[in-house]
Amino acid sequence: YYVQGGDWGSIITSLMAAFYPDKIIGLHSNMCFTNTALANFKLFLGSFWPSLFVEEKHKHLLYPRMEKIQHLILEFGYLHLQATKPDTVGVALRDSPIGLAAYILEKFTTWTNAAWKDLEDGGLTKKFSFDQLLDNVMLYWVTGSITTSMRLYSENFNKKVTALNVQTIPIEVPTGCSRFKHELVWFPESILKDRYKKLVHITDHDDGGHFAAFELPKILAKDIIDFTTKVES
Numbered sequence: 123y124y125v126q127g128g129d130w131g132s133i134i135t136s137l138m139a140a141f142y143p144d145k146i147i148g149l150h151s152n153m154c155f156t157n158t159a160l161a162n163f164k165l166f167l168g169s170f171w172p173s174l175f176v177e178e179k180h181k182h183l184l185y186p187r188m189e190k191i192q193h194l195i196l197e198f199g200y201l202h203l204q205a206t207k208p209d210t211v212g213v214a215l216r217d218s219p220i221g222l223a224a225y226i227l228e229k230f231t232t233w234t235n236a237a238w239k240d241l242e243d244g245g246l247t248k249k250f251s252f253d254q255l256l257d258n259v260m261l262y263w264v265t266g267s268i269t270t271s272m273r274l275y276s277e278n279f280n281k282k283v284t285a286l287n288v289q290t291i292p293i294e295v296p297t298g299c300s301r302f303k304h305e306l307v308w309f310p311e312s313i314l315k316d317r318y319k320k321l322v323h324i325t326d327h328d329d330g331g332h333f334a335a336f337e338l339p340k341i342l343a344k345d346i347i348d349f350t351t352k353v354e355s
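Mapping of the sequence shown onto our numbering: position 100 corresponds to residue 222, and the numbering continues sequentially without gaps.
Keep in mind the hints are simulated off the structure, nothing from the lab.
For each residue, glycine too, the CB sits at the ideal point set by N, CA and C.
Mixed in with the good hints, there may be bad ones.
[Claimed, not checked] Have a look at the derived ranges for each label pair, beta carbon to beta carbon:
hint, residue 1, residue 2, range
1, Ile220, Ser251, 15 to 23 Å
2, Asp144, Pro186, 13 to 21 Å
3, Ala236, Gly131, 17 to 25 Å
4, Lys248, Asn287, 21 to 29 Å
Sequences are here, hints too, so could you generate the full structure?
Right under this line is the structure:
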């Protein structure tokens with residue numbers, strides 16, 4: 123199989139490739155990342171000598187490092203909440219459609235383009251229609267699944283799972299990465315290769331954020347097709 127994923131899909135498909143390299147022909151992701159001690163050390167070292175790890179044209183996507191870390195702290199409050207108290211916030215969101223919409227749609231502002239948070243309407247309709255956005259909200263509202271969806275975080279971000287160190291397992295299958303300018307996390311090719319041992323295809327885009335498949339589906343689809351074509355050839 124060929125597999126593609128972003129966000130949790132990136133985590134899941136990467137583990138599929140790591141655990142079952144005999145079943146996965148190729149892995150493609152629009153959120154390639156690594157979270158090993160070595161990767162973090164290189165990122166820190168790059169704060170002093172960026173040219174060691176990243177091209178000049180991409181330096182602004184990675185540094186100043188403290189500025190990028192502060193942005194992640196600002197945006198990852200939801201992760202701490204869902205990883206520790208998913209049922210508490212879940213009950214509140216299940217009881218209020220407006221609350222649920224606010225909780226979900228805020229992400230479509232800041233994770234599509236962080237600068238849009240300063241706009242009066244959050245820039246929501248710059249890339250999406252209200253129908254598209256509300257379709258997303260309704261998937262959780264009609265099925266009553268917001269609480270169970272958030273338990274995914276608490277079931278994975280805990281001592282027992284962390285102790286397995288599965289994110290350190292090298293990925294040996296051919297890999298392709300689509301890197302979008304406004305993605306929450308961005309890694310240089312030199313560091314990605316520490317995890318993705320056969321990184322054969324990378325495309326960079328001057329637009330697009332975390333929800334690339336939703337925001338720029340044709341562009342992402344072309345990246346996937348180009349990657350699979352390269353692997354097949």
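Going through the hints against the structure:
Evaluation of the 15 to 23 Å hint for Ile220 and Ser251 yields a pass: the beta carbon distance comes to about 19 Å. Between Asp144 and Pro186 the beta carbon distance is about 43 Å. The supplied range of 13 to 21 Å is therefore violated. At about 22 Å, the beta-carbon gap between Ala236 and Gly131 stays in the expected band of 17 to 25 Å. For the pair Lys248 and Asn287, the supplied restraint of 21 to 29 Å is violated, since their beta-carbon distance comes to about 40 Å.
When the structure is compared with the earlier hints, violations turn up for hints 2 and 4 and for no others.
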